[in-house]
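Input sequences plus hints: build the corresponding full structure.
Protein sequences appear in the order of chains A and B.
Numbered according to the numbering used here, the first sequence spans residues 1 to 548.
Numbered according to the numbering used here, the second sequence spans residues 549 to 876.
Calculated directly from the structure, the hints in this document are not laboratory data.
All residues carry an ideal CB built from backbone N, CA and C; glycine is no exception.
Honestly, I wouldn't trust all of these hints.
Claimed, not checked - Cut-off 30 Å, straight-line C-alpha distance, at most; resulting in silico cross-link-like pairs (DSSO-like, lysine-lysine):
#1 B:570 / A:214
#2 B:639 / B:760
#3 A:522 / A:504
#4 A:522 / A:535
#5 A:504 / B:570
#6 B:570 / B:866
#7 A:70 / A:214
#8 A:504 / B:866
#9 A:504 / A:295
#10 B:584 / B:574
#11 B:866 / A:522
#12 A:385 / A:413
Claimed, not checked - So the derived list for chain A, only partly shown, Cβ under 7 Å to chain B, looks like this:
#13 115
#14 119
#15 480
#16 485
#17 499
#18 507
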Amino acid sequence: MANFGAKILGASVSSMTAQQALISNAANNISNVNTPGYTRRQIDIESRIDVATVGSILQIGSGVQLGDIKRSTNEFLEYQLRLASSKKGYADIRNDYLAAVEPTFALDGPQSVVGSALNNFFSAVNQVGVNPSNIDLRINVLQRAEDLVFSIRSAYNTVAEIQSELNQRVGLEVQTINSYSQQLATLNAQIGSREASGIAAIDERDQRDVLLAKLAEKISFRTLETPNGMINCQLENGFPLVNQETARALEVTTSPSFATATLPRSLSGEILSYVTYNFGSDASPSHLDLTQLIKNGSGALAGLLQLRGTTDPANTSPFQAEGELVAIATRIEALTRTLLTEVNAEYRGPDENGAVAGLQPSAGDLNGNTPGVFGLFDFDYTGVKDADGDGVASMSDLLAAASSLGDFSSIIKVAFDDPAEFAAARDNNPANGATVFPEGDGQNAAAIAALRSTTFNFSLASFSFTGTMEELYNATVSYVGNAKSAAQLDVDVAGANITSASNKRDEFSAVSLDEEFANLIKYQKAFQASARMIKTAGELLDIIVSLI
Amino acid sequence: MTRTSEIQSQRQLVSQTLENRKRVVKFANQVASGVKAALPSDTVDGGTIARYKQTLERIDSYTTTIQRTKSLMTFQDDVLSQANDLLIRAKEIAQQGANESVNSVARQHLAEEVYQIRDHMASLANSTYQGRFVYGGVDDDDPPYDVSSYAEPASGGASKRYVFDAELGTGTARTLAVTDDLSISITTPADQVFGTAIESLERLGRALGGYKTTPASGAPDGGGAAYTFPSEYDQQTADILSTINQLNDARDNDILPERVSVGGRLRRLETGESLLALTKNSALEVLSRIQDADETESAANLAQAQTALQASYSVTAKVLRMTILDYI
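Here it is as structure tokens:
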């Protein structure tokens with residue numbers, strides 16, 4: 001006859017043990033209710049098989065036993081969350097930095113923006129026509145010209161400084177990525193080791209999911225879980241960032257081994273760094289260029305690279321780089337180069353004497369002097385400015401100087417500071433080669449003022465625009481506004497996506513206090529019932545003992 | 549079964565509260581600044597707003613130019629008015645002097661007044677406006693008329709003559725683009741306005757004063773001997789009479805047409821100014837429509853956003869305070 005008293009006691013004890021474990025698990029879940037990335041744990045419980053009664057007709061069972069402890073996780077939801085994190089990282093960084101650029105092109109407030117400065121300059125030149133020898137009007141022209149070059153330098157330098165900051169930040173982001181990759185490799189090793197010995201590496205997996213989400217904020221990658229529980233992280237081209245227990249550290253370099261010539265400068269004159277992997281050594285590097293690949297993905301690093309711009313090592317100009325900041329700077333530079341060439345060329349006037357080689361200026365100032373080649377707008381440069389020696393400020397002169405300078409927007413200046421030197425007059429002497437510049441003549445000023453409505457072909461690197469200088473500026477304002485709006489929209493969409501993905505993930509994985517407290521009551525009642533069963537079993541045994 | 553964890557509720561509530569706060573800040577800024585598009589990304593019309601701003605700045609600049617030019621034109625009108633009065637008076641003197649009842653001595657007395665008129669006329673031709681000679685063409689740092697002298701007499705009013713400055717630029721009129729579509733001549737060279745007047749006054753003065761002027765027509769060359777009386781009394785009378793025609797020519801062909809022209813240019817400037825004002829109003833209206841915040845709408849939106857924010861606070865506080873612990 002079976003010993004039912006012992007069975008009752010055994011089943012009760014097993015139940016009390018199981019309920020305590022369940023209560024303990026609930027306590028752990030509750031304590032981690034606010035832990036980022038924590039996935040609630042569930043303990044499987046199952047009926048214990050009664051070995052003694054196997055095969056018998058009366059298979060009552062022998063209580064309950066604990067099964068596996070499981071994380072309530074869903075790989076697809078975790079993947080969705082990582083995807084949303086990547087897009088948010090990408091959108092946030094672009095939006096933040098474009099927000100720093102945008103005030104330079106403000107529509108309201110101080111009139112120091114390029115558009116207003118340009119307009120005020122031409123207005124001042126036009127007003128000189130009322131009384132060309134009036135010093136006050138001439139001073140106004142010089143002040144407005146100074147405002148114009150200041151606003152150009154300021155706008156360009158703002159963009160260039162932001163690009164420089166982004167260039168620095170690429171290095172910091174890669175350091176963070178390398179740190180995460182290394183931590184992931186370490187966690188992979190711990191998970192692999194623990195699970196190989198049959199112990200569930202639950203906490204390590206939680207930590208790894210948190211790290212994967214953090215890494216996804218920085219860079220986009222694909223994951224693949226291996227049978228031993230480790231996760232491999234690969235870039236889009238299959239480059240393994242983390243391969244089981246090994247992490248590959250990315251390297252940011254300004255002297256990649258694949259560069260065969262001098263690398264192009266950035267807007268501020270430094271070298272735009274490349275994100276690479278060095279298959280060689282520090283002494284003998286062999287870099288694999290991953291810059292474009294990363295840029296085309298998502299994550300903060302992609303956002304940085306796209307905004308900062310990337311450039312082919314074979315390029316020679318900072319404006320050949322691809323990126324939104326470069327596109328904005330290119331527009332400013334195109335305007336600057338037009339001021340330096342077209343405006344300066346007009347400022348000298350038509351050739352006074354075709355019989356003499358080189359352009360003989362037909363414009364003159366109050367002192368009777370004619371302007372130099374870069375007579376109105378000049379730039380800081382110690383080399384030969386009129387490289388082709390034709391006496392006309394032209395794009396070929398700028399291109400010759402640009403090979404060692406890069407940009408002109410940060411070094412453009414007004415050629416003189418004496419208002420009498422403003423050449424408002426054109427030659428009144430009909431004799432070829434002889435000039436007279438009456439003080440009250442404003443023909444040259446009128447010719448310069450007319451450039452405000454003149455259509456130019458602005459062309460620099462891959463950028464091309466046909467219109468007036470003001471139209472170019474207005475198009476730049478639209479470009480900046482559209483880029484910032486798109487970035488803001490990306491942020492809004494990414495914010496909504498990450499909220500949705502987080503909610504979906506938490507719907508499945510997060511701790512619900514309601515659920516845990518309800519479970520607690522359930523487990524507590526079960527524990528109380530089991531304890532009562534021990535008492536009942538004791539009473540039964542007492543009855544039996546009393547019969548003896 | 550759909551689970552809802554505390555962290556989800558919290559995230560959702562906080563997210564909605566932050567969104568409502570963002571809306572409150574946005575509408576508060578609109579109400580405070582009166583502008584709904586301060587940055588290019590605030591609107592799809594960033595480039596258009598920049599263009600209208602430039603248009604307004606350009607209109608302000610053109611308006612300033614027009615006002616300066618109008619002032620110059622008004623000054624010229626005053627000068628021409630005086631010149632006209634001088635010629636009328638000179639003609640009266642000439643008619644008086646041509647009367648044969650006036651003897652040569654009386655004519656000499658009349659000559660003094662004519663010389664004064666001539667000098668005044670020359671000073672009008674050499675008028676300066678803001679330190680520049682208005683009728684000096686583009687060479688406006690020098691007076692258009694310089695003083696020269698006759699060989700006979702060697703002193704006195706009749707010895708002085710006014711010669712048009714031969715410098716390059718003195719005879720060149722100055723034009724100015726006052727708006728995109730309006731370009732006007734703002735000065736006329738002195739010889740075209742005052743040349744005949746000064747010349748005829750000089751001839752009249754010399755004739756009344758008892759001296760001939762050579763050549764018989766055109767600009768005086770500095771020569772001209774004294775009349776011999778009484779034999780050349782009739783010639784003197786004829787010379788005086790001939791200057792009346794010249795005075796008429798100066799007035800009818802130079803001074804009055806120039807004055808009409810100045811008046812016409814003033815009217816064109818005023819028309820240009822009115823058009824600029826219209827364009828400015830139109831540009832301001834469009835700019836206001838695309839850039840300025842509708843105060844009523846912004847205030848209503850702000851009130852709505854504030855209500856939503858208060859509701860968010862209330863709901864968040866209530867929902868997050870609820871716990872099953874209160875019931876067990």
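Against the structure, the hints come out as follows:
Using a Cα cut-off of 30 Å, the hinted pair residue 570 of chain B and residue 214 of chain A holds, with the two alpha carbons roughly 26 Å apart. Distance check on the hinted pair: residue 639 of chain B and residue 760 of chain B sit about 19 Å apart at the alpha-carbon level, within 30 Å; holds. As the CA atoms of residue 522 of chain A and residue 504 of chain A are separated by approximately 27 Å, the hinted pair is consistent with the 30 Å bound. In summary, the hint linking residue 522 of chain A to residue 535 of chain A is supported, as the alpha carbons are separated by about 20 Å, within the 30 Å threshold.
Under the criterion of a C-alpha separation no larger than 30 Å, the hint pairing residue 504 of chain A with residue 570 of chain B is consistent with the structure, at around 25 Å. Only pairs whose Cα atoms come within 30 Å are accepted, and residue 570 of chain B paired with residue 866 of chain B is accepted, the gap being roughly 22 Å. A distance of roughly 23 Å separates the Cα atoms of residue 70 of chain A and residue 214 of chain A; the hinted pair therefore holds under the 30 Å criterion. About 24 Å separates the Cα atoms of residue 504 of chain A and residue 866 of chain B, which keeps this hinted pair within 30 Å; it holds.
Taking the CA atoms of residue 504 of chain A and residue 295 of chain A, the gap is about 29 Å. The hint holds against a cut of 30 Å. For the suggested pair residue 584 of chain B and residue 574 of chain B, the alpha carbons sit about 9 Å apart, so the restraint of at most 30 Å is met. Taking the CA atoms of residue 866 of chain B and residue 522 of chain A, the gap is about 27 Å. The hint holds against a cut of 30 Å. For the suggested pair residue 385 of chain A and residue 413 of chain A, the alpha carbons sit about 14 Å apart, so the restraint of at most 30 Å is met.
At a threshold of 7 Å, the smallest CB-CB gap from residue 115 of chain A to chain B is about 5 Å, leaving the interface hint in force. For residue 119 of chain A, the interface hint holds, since its Cβ comes within 7 Å of a Cβ in chain B; the closest pair sits about 5 Å apart. Here the hint on residue 480 of chain A is kept, as its CB sits about 5 Å from the closest CB of chain B, short of 7 Å. With a least beta-carbon distance of about 4 Å to chain B, the hint placing residue 485 of chain A at the interface is held under the 7 Å criterion.
With its C-beta approaching chain B no nearer than about 6 Å, residue 499 of chain A sits inside the 7 Å limit, and its interface hint holds. Residue-level restraint check for residue 507 of chain A holds (minimum Cβ-Cβ distance to chain B is 5 Å; threshold 7 Å).
Taken one by one, the earlier hints all hold for this structure without exception.
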